[in-house]
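Asks: Chain residues, written in single-letter form:
Protein chains: 2
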Amino acid sequence: MSDKDLGVVAIGNALVDVLAHATDEFIEQQQRDHGMQPGAMTLIERLRAVELYGMMGPGTEVSGGSAANTMAGFASFGGKGGFIGKVADDQLGEIFRHDLRSSGIEFDTPALVASEPTGRCLILVTDDGNRTMNTFLGAAVELNEHDIDEDIIKRAKVLYLEGYLFDRDQAKAAFRKAAEIAKKHGTKVALSLSDPFCVDRHKADFIDLVDNHVDILFANEQEIMSLYDVFEWDQVPAIIEQKDLIGALTRSEKGSVIIENDQIFEVPTPQVKVLDTTGAGDAYAAGFLFGFTEGMDLYKCGELGSAAAAEVIQIMGPRTDKKLAELVSRAA
Amino acid sequence: MSDKDLGVVAIGNALVDVLAHATDEFIEQQQRDHGMQPGAMTLIERLRAVELYGMMGPGTEVSGGSAANTMAGFASFGGKGGFIGKVADDQLGEIFRHDLRSSGIEFDTPALVASEPTGRCLILVTDDGNRTMNTFLGAAVELNEHDIDEDIIKRAKVLYLEGYLFDRDQAKAAFRKAAEIAKKHGTKVALSLSDPFCVDRHKADFIDLVDNHVDILFANEQEIMSLYDVFEWDQVPAIIEQKDLIGALTRSEKGSVIIENDQIFEVPTPQVKVLDTTGAGDAYAAGFLFGFTEGMDLYKCGELGSAAAAEVIQIMGPRTDKKLAELVSRAA
Numbered sequence: 548m549s550d551k552d553l554g555v556v557a558i559g560n561a562l563v564d565v566l567a568h569a570t571d572e573f574i575e576q577q578q579r580d581h582g583m584q585p586g587a588m589t590l591i592e593r594l595r596a597v598e599l600y601g602m603m604g605p606g607t608e609v610s611g612g613s614a615a616n617t618m619a620g621f622a623s624f625g626g627k628g629g630f631i632g633k634v635a636d637d638q639l640g641e642i643f644r645h646d647l648r649s650s651g652i653e654f655d656t657p658a659l660v661a662s663e664p665t666g667r668c669l670i671l672v673t674d675d676g677n678r679t680m681n682t683f684l685g686a687a688v689e690l691n692e693h694d695i696d697e698d699i700i701k702r703a704k705v706l707y708l709e710g711y712l713f714d715r716d717q718a719k720a721a722f723r724k725a726a727e728i729a730k731k732h733g734t735k736v737a738l739s740l741s742d743p744f745c746v747d748r749h750k751a752d753f754i755d756l757v758d759n760h761v762d763i764l765f766a767n768e769q770e771i772m773s774l775y776d777v778f779e780w781d782q783v784p785a786i787i788e789q790k791d792l793i794g795a796l797t798r799s800e801k802g803s804v805i806i807e808n809d810q811i812f813e814v815p816t817p818q819v820k821v822l823d824t825t826g827a828g829d830a831y832a833a834g835f836l837f838g839f840t841e842g843m844d845l846y847k848c849g850e851l852g853s854a855a856a857a858e859v860i861q862i863m864g865p866r867t868d869k870k871l872a873e874l875v876s877r878a879a
Numbered sequence: 548m549s550d551k552d553l554g555v556v557a558i559g560n561a562l563v564d565v566l567a568h569a570t571d572e573f574i575e576q577q578q579r580d581h582g583m584q585p586g587a588m589t590l591i592e593r594l595r596a597v598e599l600y601g602m603m604g605p606g607t608e609v610s611g612g613s614a615a616n617t618m619a620g621f622a623s624f625g626g627k628g629g630f631i632g633k634v635a636d637d638q639l640g641e642i643f644r645h646d647l648r649s650s651g652i653e654f655d656t657p658a659l660v661a662s663e664p665t666g667r668c669l670i671l672v673t674d675d676g677n678r679t680m681n682t683f684l685g686a687a688v689e690l691n692e693h694d695i696d697e698d699i700i701k702r703a704k705v706l707y708l709e710g711y712l713f714d715r716d717q718a719k720a721a722f723r724k725a726a727e728i729a730k731k732h733g734t735k736v737a738l739s740l741s742d743p744f745c746v747d748r749h750k751a752d753f754i755d756l757v758d759n760h761v762d763i764l765f766a767n768e769q770e771i772m773s774l775y776d777v778f779e780w781d782q783v784p785a786i787i788e789q790k791d792l793i794g795a796l797t798r799s800e801k802g803s804v805i806i807e808n809d810q811i812f813e814v815p816t817p818q819v820k821v822l823d824t825t826g827a828g829d830a831y832a833a834g835f836l837f838g839f840t841e842g843m844d845l846y847k848c849g850e851l852g853s854a855a856a857a858e859v860i861q862i863m864g865p866r867t868d869k870k871l872a873e874l875v876s877r878a879a
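Read top to bottom, the protein sequences are chains A and B. Heads up: the first sequence runs through residues 548 to 879, numbered per the numbering used here. Heads up: the second sequence runs through residues 548 to 879, numbered per the numbering used here.
Treat the hints with care, as some may be off.
Remember, identical chains collapse to one label, so a pair may be satisfied in a single copy or spanning two.
Straight-line C-alpha distance at most 25 Å; calculated DMTMM-like pairs for lysine to aspartate or glutamate [to be verified]:
#	residue 1	residue 2
1	Lys870	Asp636
2	Lys627	Glu575
3	Lys731	Asp636
4	Lys820	Asp675
5	Lys627	Glu598
6	Lys847	Asp552
7	Lys870	Asp571
8	Lys730	Asp791
9	Lys551	Asp694
Quick caveat, the hints were computed from the structure, so don't treat them as lab data.
Excised from the complex, chain A in its bound form (with noise of 0.2 Å):
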């Protein structure tokens, strides 16, 4: 790998998220009334986005999407990265380059022109620091296989996919094509399933993308059960250890486990006051990620994706101003 000079390339959704605190009663009733789906994302069209927004108390604006979250979390342990991913010529645009390439990720896909506007995710925190998103995507409903730069790929030790793009035919399609650029150039295939009901919609082809293409699987124990049809998160490390991959699942206060062929490790995490969890899953991946392309055995790996998380559970949103670099000398 030694002409590779980056770490880790993303492919997601680019969206600006939208975090306001809401209450169980309002949770309950958008459930009953649209379907919202508390502690998951759901995907609304244009207008229901206006209606909901119209119904929130004052947000707070800050960069976000799944993927690119990983991605200025790994920056900040001090990796080098890049992101594919769309939006459009806009304000929320802007300001989602502005802060992915500011943490210093290359984002380099154009933006949309004359069309949709930037994606963004309106989250509902709720005083347990529970989160539930609603997904409007916008521009990055256009990502397609003409977005999908060779060359960056081919710098990277580790393509990360983020499992949300599932829910659009041309996304995984560019999915695809990312994953045989992978191949060839001896890139690492990771891969988030992001949300149970998403792997719900979608279970034949995460299957076929985990067997045929993942080396490094990231799941939580709701996802990882809804993919292969278990009821018993005990049943779960028996069907990862047959696979050809490293699963790194994750188990909110209880920890993380993870699984390569025969070797299982359990790695605690550290407990902290919860504010609010959105991207607590997407920090664990960056500093798993780094410790991989570092070369840290999957152990520190675990410890470094779990101590990033902590980080991002206490405070609002999805990234943190703190240099996350600070939690690999104290893991040492």
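Chain A is fixed; fit chain B onto it per the hints.
Replies: Coordinates of chain B only, in the frame set by chain A:
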């Protein structure tokens, strides 16, 4: 005041804040090269805003603007109010309008179409919590006499004016028109001096307004000393005593001093851990004006102001999600 269904109507710059951490070295460099004023507000042009944003780290976007922050706080205390200010018909303008309205404040000034974008304030926050503001006014520049809505001012007990508007002649004219409308309808006029440099730039106009139109004057130590060209705080009370107004003077961690003729109240402030001082003065005015419009005594008004400011400096950004109404029962 029986026909008055609103507590306060404010006129101010409609701005979205972009907050990012910065080092003291960066600010010193920008001070040398571009006249940035550490701890204060510098007006910048559009190109400079683009340049400076490009040099800033990842940001958080929240609705700001001094008087608009005060109104959001006033609503959080349980007050009813309105705002007059100019946004553009763009994404940042939508965010500003949404956040103010969803906090419960009436805001119906028409958006500027096909011209300058919504104004923004690029705020650099250093490790000690001090903020250095760089304001690109954008659409806010276009606020003029025609935007002054007589009906809403008539409905309010207090008209609150933000000193920052004095940087532009047509806003100054709008100010004077609003003050005359207030006088006609028995609406008290409150003014915040906003910034020592702003005071210095428009001293004669401020003195004329204070002497002839203002019933309640908000200022911090630097601002009031700049207005009256005195070099010691001890000289200030004697000057204010002679004016026919209430002076609410803030002194950071020393609390505030409220002066009305020969009555002087010294109000302490809660000592808290400072994260970001953005919006401290705005929150003080919110608490004070809530107490005032509810008929509380001046000491209590000052206590509510201090309590609100203490909440805001513990978070990033100028507005807190916390219901400030809780502070009223606590102070009682």
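Asks: State for each hint whether it applies.
Replies: Comparing the hints with the structure gives:
1. Lys870 / Asp636: For Lys870 and Asp636, the Cα distance exceeds 25 Å both inside one copy (30 Å) and across copies (37 Å).
2. Lys627 / Glu575: For Lys627 and Glu575, neither the intra-copy (42 Å) nor the inter-copy (29 Å) Cα distance is at most 25 Å.
3. Lys731 / Asp636: neither (33 Å within a copy, 48 Å between copies)
4. Lys820 / Asp675: Answer is both; intra-copy 10 Å and inter-copy 23 Å each pass.
5. Lys627 / Glu598: between (39 Å within a copy, 24 Å between copies)
6. Lys847 / Asp552: within (22 Å within a copy, 62 Å between copies)
7. Lys870 / Asp571: Between copies, since 17 Å is at most 25 Å while 33 Å is not.
8. Lys730 / Asp791: Result: close within a single copy only, 15 Å intra versus 79 Å inter.
9. Lys551 / Asp694: within (21 Å within a copy, 59 Å between copies)
Comparing the model with each numbered hint stated earlier shows that hints 1, 2 and 3 do not hold.
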